[in-house]
Structure formats: C-alpha cells, structure tokens
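Enquirer: What follows is each chain in one-letter form.
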Amino acid sequence: MALLEVRDLTVVFQRKGEEPFRAVDGVSFDVEPGQTVGLVGESGCGKSVTSLAIMGLLPKRGAKISGTVKYDGTDLLKLSDKEMRDRRGRDLGMVFQDPLSSLNPVVPIGLQVTEVLERHRGLSRKEAMIEAKNLLDKVGIPDPNRRLKEYPHQLSGGMRQRALIAIALACRPKLLIADEPTTALDVTIQAQILSVMKELVQDLGTALVMITHDLGVVAGLCDEVNVLYGGKVVEKAMRHKLFAEPRHPYTHGLLASIPRLDAAPGEKLTPIKGSVADNIPWEHGCAFAPRCPNALDVCVQVTPPEEDQLGRLLRCHNPVVPGTPAAEEVPV
Amino acid sequence: MLRYTIRRLVQLVGVVLVLSLLLFAWMRLLPGGPVSALLGDRSTPEKAAELTKQLGLDQPIFVQYIKFLGRAATGDFGVSTGVQPGDSALDIFLQRFPATIELSFFAIVIAIAIGVPLGYLAAKRRGGWFDNFSVIGSLIGVAVPVFFLAYVLKDAASVGLGLPSQGRQGDINATRVTGFFTLDGVLTGEWDATFDALEHLILPSIALATIPFAVIFRITRAAVLDVLDEDFVRTAEAKGLTAQLIRRRHVLRNAMLPVVTTIGLQTGALLSGAVLTEKVFSIPGVGQALAIGFERRDYPVLLLLIIMATIVYVVVNLLVDLSYALIDPRIRTR
Ligand SMILES: Nc1ncnc2c1ncn2[C@@H]1O[C@H](COP(=O)(O)OP(=O)(O)O)[C@@H](O)[C@H]1O
Ligand code: SF4
Ligand SMILES: [Mg+2]
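Protein chains in written order, with this note's numbering: chain A, 1 to 332; chain B, 1001 to 1334.
If a hint is listed, it holds; no wrong ones were tucked in.
From the derived model, a few chain A residues whose C-beta atoms are all more than 12 Å from chain B:
no.	residue
1	E18
2	P20
3	E42
4	S43
5	K174
6	A191
7	Q192
8	L204
9	D214
10	D223
11	Q309
Simulated pairs of lysine-lysine, DSS-like, Cα-Cα distance not exceeding 30 Å:
no.	chain 1	residue 1	chain 2	residue 2
12	A	K78	A	K174
13	A	K60	B	K1124
14	A	K16	A	K82
15	A	K82	A	K70
16	B	K1124	A	K64
17	A	K82	B	K1124
18	A	K64	A	K78
19	A	K174	A	K138
20	A	K82	A	K126
21	A	K198	A	K174
22	A	K78	B	K1124
23	A	K174	A	K149
24	B	K1124	A	K16
25	A	K198	A	K241
26	A	K241	A	K70
Derived list of chain B stretches under chain A, where covered just means 3 residues or more per stretch with a C-beta under 8 Å from a C-beta of chain A:
no.	segment
27	1245 to 1254
28	1322 to 1329
Keep in mind the hints are simulated off the structure, nothing from the lab. Where is the CB? At the ideal position from N, CA and C, for every residue including glycine.
Let the hints inform the model, and build the full structure from the sequences given.
Expert: Okay, here's the thing in structure tokens:
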C-alpha cells in the first residue's frame, strides 16, 4: 500500500464578492515509502495549495477541500484539528520556500529545533538540545553548539534552510514535503541543499514530495514526476521516461525551456508563450490550449480526459509524437 | 547597549534644560501671575509691587532663570505660592508623586491586562461579531473624554457597587513608609490599609485606563493580524505544536514588539489623563497639583512638576526601548 494516496484532491477558494477559484482540480498521486515524487509546474499552478491541503494548513475559512488524502490508510482530511496536530511534525514534515521568513526572528534556533522534539518525542529540554546539536551536525551546519544559541538573522540563507530541514526531519517522519526549498537561495547553495536533502531522506528512508518549477531539480532527485497545469495533473510518468520522451505539449515545452549543458553554442532556448490565467481553467476545453503548439479545434470544446498510456498518465487530445524537436516560435 | 543608554540620558539633560527655559519664559507671558493670584481682591499697587519684589519677579527673565538654575542645582526649586503656599515645591512633588504613580500604574496594568488578550482574540476571530463589537468598543473608549467617563463612573458605579467615589486622601490612619498607600500596607502588614487603598483606586484607574486600553487593544489586534500571516507561524503549525505554544512563543512574542512601544508612548496620555482623573476623584496627586498650580499661577510648582513629568516620560520610553531590545535579538545583536 502506498504511504500517501492523494485522490481527486480539489481546493476551491471562495472569497466574499469574488468568483470561486479552483486552485487544485482533482489531483491524484501516490507516494510509496521511501520514494521521491515530484510536483512540477509554473508558478500559480497549485503546487503549494496541494501541499498545504495535505498538511492541513490551508485557512479554515474560505477554502473548500474535497477528495481524500490517505496517509498509511487514514484519510487526513477527516481528522480533527487536534489529531492533525499530533501528526504534523511527527508523521509529516514540511520545508518551505523562504528560509528567512519561515523561522521565528525572536526565538533562538535551538529552541525552534527542540520544541518539535519536546512535542512529539517527549524529550526533556536538555535531551532535546543534545539531539538538536546532532541534527544540525547531520544537515551540515558547522559549529552547531554556537548556532543553537543564535537567531535566524545571524545565519546565512543556506544555513537557515539546513536548520529548517533539520526541524522537518527531527522526528523522522515517513513523509517530507519540500515546497520549492531552493528557490529563494543562491544558485551555488541550491545544489548543496538538494544533496543534503537527498542524503538524509535516503538515510532515514523518508518519502519525499519535491515541489518545484525547475525541471533541473527533478532530474537529479525524483523517481516519479507529476506535471501540473492549472490545478490538474497533465502528465505523470517515471522520471527517465518523462525526460526521454515527454508526450504532453506542456511538458515538452518545459523541457525545451531549460538550459542544457550539451546544447550547441548559439542554440536558442524556447520559452513557452503566454502565462496561466482564468479562474476555472478547465471548464471549457484544455486550459493549455491558448499556449499550445499542438492545439486542435476539439481542444477548446472538450476537456481532455486523463488516459493511461503504458504506465504514463496523459491529459491531451493531441500529444507530442516521440522524437519531435522543441517547437519553434508559436504564433499567438 | 550601555553607550546607548548613556547617550539617551545625556539627551535627557538637554531636553530638560531647553524645556525649563521655554516653560520659564512661557509662564511669565501668561496673563495674571502669582501676585494677583495671591492677593486677589485685596490687591493694591503698593502691595503688589512689594510682593513682586519679594518673589524676585521684578528682575529680567534671564536673570531669574539663571538664579533658578543655580538654586535648582542645590535641590531648591523655590517655594509654592499657590498650591500649598509656603511649602517647598520639591516637598509638594515628593508628597504627591506616589499617589499619581500608583494611579497610573494600576491604570496601565488594567489597560494591558485587558487590551492584550482582547486584541489577540479579536484578531483570531477577525470579522466575527466579537471582533466587530470590540473594535467599536475601543473606538468609544478613545472618543469618550476621560473626565466625562470619570464622572459617570463616579456617580453610577459608586452608588450601584458601593465603591468609594473619591481617591484615598492623605489623612489615612496607617503607617507611612514609602508614601505608596498600597505598598505601605503590604510592608507593615496592615492589610486592611492596602485593601482600602486598592478599593479607592478601582474607579479612578478604570477611568484613566480607558484610552490606553483602547490604544493597546487596537495595536495588539493589528500586530497579531500581521504576525498570523507570517511564514514562521505556518512553520510552527507544520511542526504540530499546540495552539497555546504557538500563541505564546510565536505569535505574541512577535506581536508584542509594537505593543511595547505603544505602552511607552501611552505614558504621556496617562500623565495628562491623571490631571483630569485626580481632579474628578479629588486624589491628592501631581495632576491635582498641576491643575491648582495653573489656576493660581504657582510658577515654582508648575515648573518642577512639568519637568518631572517630562523626565518620567523620557525615562519610561528609554526603559521601553531597552526592553524592546531584550525581546528583539535583531536589535540587541546588531
Ligand atoms: N489563500 C488563498 N486564497 C485565494 N487564492 C489562493 C490562496 N492561496 C493560493 N491561491 C491561489 O491559488 C493558485 C495556486 O497557488 P499556489 O498553489 O501557491 O501556486 P504555486 O504552484 O506557485 O505554488 C494561485 O492562483 C493563487 O493565487
Ligand atoms: S489538449 Fe490540445 S490544447 Fe491541450 S495540450 Fe493537448 S493538444 Fe494542447
Ligand atoms: Mg508555491
């Protein structure tokens, strides 16, 4: 049985005086124990909302959540606030995008690590401090005893994110969700943070949901990849399959728009035209149609259904034929 | 931190000097003066001239000011001409200061003890009936004049609840140690005296607390709303911490930063509010002396009391800034 089973997860934001907004629209995916699964897509496609819904961290008012999120067979969406508090930090850990704002500026790093140990592992403050030092050591923070006494503003960006990873993994959760953990960091630090995470989840046997807009991150990390567009999964496949043979025009476009080391000098990157808009994107046909080089007439009339194609899920009327080079400029 | 404190104290000396000069000049520009106030209807030109000379008011202002400074340096702030004629201004201040401190202290404690929790609750229930109700309530709290509320409390509550309608007078039959009625009772074990003093403080401190309460409530509410949206609160939730711990360690500790500053600034409002409150409840404090001193043009007393109020204000705000640094490591470790 999968460790995490997300089925038809839908999140609709309803604000007074505004149209309801469907940020996540029937997302399903599984995470096996110890597996790393990617959620990939441009900004605004519903990645963070998906992760917050799994963690039970969406605002109580104004967000309507449906579907199921089964963790070890229990539907997390049905748990009470108290039951969910017992699980967060213990069974599920989460790392966020901006390490500076994600740490409390007026509480020493040490206490921000120990509080989660005291809460879920029943350690005393003293025991927790020793454990916290080991944790900082493990995530590669030099001189941990000194850092425990310091405040977030005294640490570098990379060190702060390491501390947050230590916090999220402190109780050895079976699942870690990382929401763009490297986006706010210097390029040189990004690779270090990713390798620390990779090493730790492997050591602990923790499953990882890696959320990113950067296919480069996925390439070095994920077993399976879900590509999201407008709140729906448009393509899902094992990583090597997806990279070798992207079938959805959006995935194809994303791959064409990342810089490649083996590109011939002068070869142009091909960015995807346009951007996501619309509050119920999938209501009339395919949400990607306005930007899609493969679009057919049917695309704006019939919403493409999800189809299983030899271990790959695809939501497209006219998938890319394997071997097609990146599309040239698309007339808009 | 130490250098900062010293710099602020040096600034304070400058402020006091400039202020005293301005006050000195301003008082002598006021219509009337101690002479006509003292003599009243019995005034004749000869008597007035004699008294003017006796008080040294015939000399040029700057000469008077220099003399004042010289005497002040030795602790002599002159003799009262209106509040308690014949007593030294310093004695009057020392006699009356404890009552005002007591009143202001209880008022600010009430304002904090009610304003902070209510502000937190209102923020947590943003947009709910409790929030709307208390926001309107705090608006009324700011808008209603202190003396009006003081009169209402005095009449309504003292009749209805049987609380004393006047502040504790100096005639109390108890051992005096510090001059603080509430504290003296505790120190000497005369508990009935402490209780009696507290009972007399209830209505005046509530009247005085309304404006600081309303301000503290609104600042707390706004600060908590800001902090609740912060990423680190989400991190704390993601750790599964209990709601109480998140409130105390993550929300309130951050939200208190602006509130602490506000509390310091409220000392000013408190001192001016004390003038009215002491008058309504006939409390023999500094505020009452200020009011009387102004009516009777009691220059030495007015000067000393206003300068002391300024010093208190500056020192309280210095303490507030220092405690701010204590809460916020970003300032402390800079
Ligand atoms: N609390 C909220 N209320 C209303 N709309 C929201 C809220 N949170 C996110 N959204 C909207 O949902 C969409 C998806 O957001 P998000 O999941 O954060 O995207 P991303 O994939 O970049 O993480 C965005 O259009 C965003 O504006
Ligand atoms: S369904 Fe049509 S518009 Fe949508 S991605 Fe496929 S080809 Fe493009
Ligand atoms: Mg996001």
